[in-house]
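K.L.:
The lines below spell out each chain.
Protein chains: 2
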Amino acid sequence: VTRAAELVATGEELLNGKSLNTHARELGRALWPLGWELARETTVPDDRAAIADAVRQACARVGLVFVTGGLGPTEDDVTREALGDWLRRPLVEDAAALEAMRRRYRTAGREMTPSRRSQARIVAGAAALPNRAGAAPGQRIAWEGKTLFVLPGPPNEFRAILDDHVLPWLAAQGGGAAPRRIFMVAGLGESDVRERLEAAHTLPPGVAIAYCAAPGQLEIRLRTAAELSDAEARARLEQAWQQARAALGKHIYAAERRSLAEAVAQELRTAGKTVAVAESCTGGLLGARLTDLPGSSTWFRGGFLAYANELKENLLGVPADLLEREGAVSDPVARRMAETARARCGADYGLAITGIAGPDGGTAEKPVGLVFIALADANGAEVVRAHFPGDRATNREWSVQRALDLLRVRLAGAPAAVG
Amino acid sequence: VTRAAELVATGEELLNGKSLNTHARELGRALWPLGWELARETTVPDDRAAIADAVRQACARVGLVFVTGGLGPTEDDVTREALGDWLRRPLVEDAAALEAMRRRYRTAGREMTPSRRSQARIVAGAAALPNRAGAAPGQRIAWEGKTLFVLPGPPNEFRAILDDHVLPWLAAQGGGAAPRRIFMVAGLGESDVRERLEAAHTLPPGVAIAYCAAPGQLEIRLRTAAELSDAEARARLEQAWQQARAALGKHIYAAERRSLAEAVAQELRTAGKTVAVAESCTGGLLGARLTDLPGSSTWFRGGFLAYANELKENLLGVPADLLEREGAVSDPVARRMAETARARCGADYGLAITGIAGPDGGTAEKPVGLVFIALADANGAEVVRAHFPGDRATNREWSVQRALDLLRVRLAGAPAAVG
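So the sequence lines, in the order shown, correspond to chains R and L. Taken in order, the first sequence gives residues 1 to 419; the numbers are from my numbering. Taken in order, the second sequence gives residues 1 to 419; the numbers are from my numbering.
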């Protein structure tokens, strides 16, 4: 049984072009495995009447409503007041939230002003949801058989309370959610996966599959149809998962939602190995993606941005005649870049990317989107040639993801996927 | 006079966690300079009743409604049908759109199937809006004094029709839009700018100011109050702009919406200069940001990712005893990194970042968020020390932006902002 929720996002900044509203995507993703689906999202400005109107309409349609934003200390933060007015309940100061806020401001060396203190107020009767990432607590409000969750607007605070309080509470309600499973695939496109799973009738009946494709990684969702008994649904889902594993093999890189970079980091940590990079057309994007991850210093050494051709020669020892003969975007240049990065950085693996990201620089022989990716270890280097069909940003993104997958497959001990 | 518009975004993928809805931000930004404001955004799934319901409610509140998504060739693309049903108008095939689609599919070597052809249908009486980025045309529908724009969901197609047809049409309606101006500031926080412009009563009366802060750059919007005559409003706005320029000086880096990296690229191109980088805690993010820009090979040389300390020694020639004595996160190490990157890459400028991004690695003396940024040229190096208060991602972003601004100010020929 799928149950419907709605989101009411508040904030002028979401409508005037200042901020991107990411709550709908985050919430949609988080609710899915629990058997809830987001049926509608409404964004309104910081206006009491507009907020109350949108929440009232949402409550008329569904039993679970999320309200985000407008819990800060400034005058345009009016969500608390809007909800109190609409529900005809006073706002009360939550002692625990106030105490947490006092500690927070003391640590930061900031004063507890009356406007800051006002953030500790919640709608009377609501449960305060502690906020480890910010000042204002969230709230869970029960009203006429409906549940309202009120959460802060800043994405990290929204996410913290969602993870700490909302999702556990929803999971504990249980009952009726069809079992679901998410896993991640790399090195195969959506159509390849469809063919292996759907066209080949690999999955048992009653199991539905959905795809969320991003450059170089594919999230796959399995769920069972509602008319199955709970035990039967679980058995089918487990069977489907085992069959998907058999059909997709090493292309499955995680049995939960996870980026390819996170998977590579995990493999490197487990293996106790290190990596260095040499980047041309990606200009630092591979290094940036790897060092986005906390603790990357244990397995990331560093590397070279050899964007200009002379630097491929001067920094990475690619011979001038090789560059002249083969061109900077070529198999042997990629190979040499990876080998030198590995050696000069003292890493176990060297990972190199050289290509034509576009929009300019393509020729008939070497078109925009042509990229060579090389992985070097103590035994030599392996090179993959790829031709991506996208624009500059997409080609760079694909290049990074393909490089990460090359390393992932090597670390997983399987023969590398070439193509 | 500010006029209100609403957006109804359709698409299951915007609610189930697959796609991020960027239309509200794009539209909010595009409408603002024309004197329109987005008053509400509603996202609904691909469901005729839900779409009609949301559009009906939006039309009851405002005179301009945008509907996005659901114009493709598959069965779950139902926006055309939902609007036709609700308006009680038939769908008719638009000859020009069909012809453009035929050409498009012929070029791509794809067949014109009946389902693809169905994309040429528009609501009877609507104006078809040619789509240079995709198959389905947009539509402009006049209904009971309201205007509906129906646009495709893919962001590039949405943007193309917005730019080609929607914004010109809105601009031509003219009449009553208060003149507005956007400009960009770096090196000053919002509170500093507020002090210089607002607390000092720098701006003429009748001019309102709004801020959109992002890490390291600030977008500022000026507009005049509605009760002024058009000529008077324009005069005040021009006066305000001149006064803001005087008060903020070199901190203004663009007189239009533009990123700091774009401004730096423009300055480098104009000056005919090149830059190289040496990155520690940002791990490639500075290089990636610069090479995001097409044509960066004319002014970006490359650089070093010296993440591990040995690489600061081995690749960048930072003496071991200096690293030992001062630590990797220090003024002299940043200086040496910038100088070596410049020299070894043969660039006019060397830009280096070394810091503690977090969450781990901080000490009492060198806390998380402490960053040294150095800029070297032929005359030596200048170092800026900064302490950012954010999480890992934010500290890295701030570091890159501060580095870019250091270079921007140097290129603009002014003394560098230190702080």
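Warning: the hint list may mix true and false statements.
Same chains, same names: a pair is fine if it fits in one copy or spans any two.
[What the hints assert, rightly or not] Pairs of lysine-lysine residues, derived as DSSO-like cross-links and limited to a Cα-Cα distance of at most 30 Å, are as follows:
| id | residue 1 | residue 2 |
| --- | --- | --- |
| 1 | Lys366 | Lys273 |
| 2 | Lys18 | Lys273 |
| 3 | Lys366 | Lys18 |
| 4 | Lys273 | Lys146 |
| 5 | Lys146 | Lys366 |
| 6 | Lys146 | Lys18 |
| 7 | Lys146 | Lys250 |
| 8 | Lys250 | Lys18 |
Simulated from the structure, these hints should not be mistaken for laboratory data.
K.L.:
If a hint holds in the structure, say so; if it doesn't, say that too.
P.N.:
Structure-based check of each hint:
1. In this homomeric assembly, Lys366 and Lys273 come within 30 Å of each other (Cα to Cα) only across copies, at 28 Å, whereas the closest approach inside a single copy is 34 Å.
2. In this assembly of identical chains, Lys18 and Lys273 lie within 30 Å of each other by CA distance neither inside one copy nor across copies; the values are 42 Å within and 33 Å between.
3. For a Cα distance limit of 30 Å, the shortest separation of Lys366 from Lys18 qualifies neither inside one copy, at 40 Å, nor across copies, at 34 Å.
4. Within a single copy, Lys273 and Lys146 get their C-alpha atoms no closer than 52 Å, and across copies no closer than 63 Å, so neither meets the 30 Å cut-off.
5. Taking identical chains as interchangeable, the C-alpha atoms of Lys146 and Lys366 are never at most 30 Å apart, the minima being 60 Å within one chain and 50 Å between chains.
6. For the homomeric pair Lys146 and Lys18, the shortest alpha-carbon distance between copies (27 Å) is at most 30 Å, but the shortest distance inside one copy (32 Å) is not.
7. Proximity of Lys146 to Lys250 under the C-alpha cut-off of 30 Å is found in neither arrangement, the shortest distances being 44 Å within a copy and 55 Å between copies.
8. Taking the shortest alpha-carbon separations for Lys250 and Lys18, only the inter-copy value of 23 Å comes in at or below 30 Å, while the best intra-copy value is 42 Å.
Of the hints listed earlier, those the structure fails to meet are numbers 2, 3, 4, 5, 7, in rising order.
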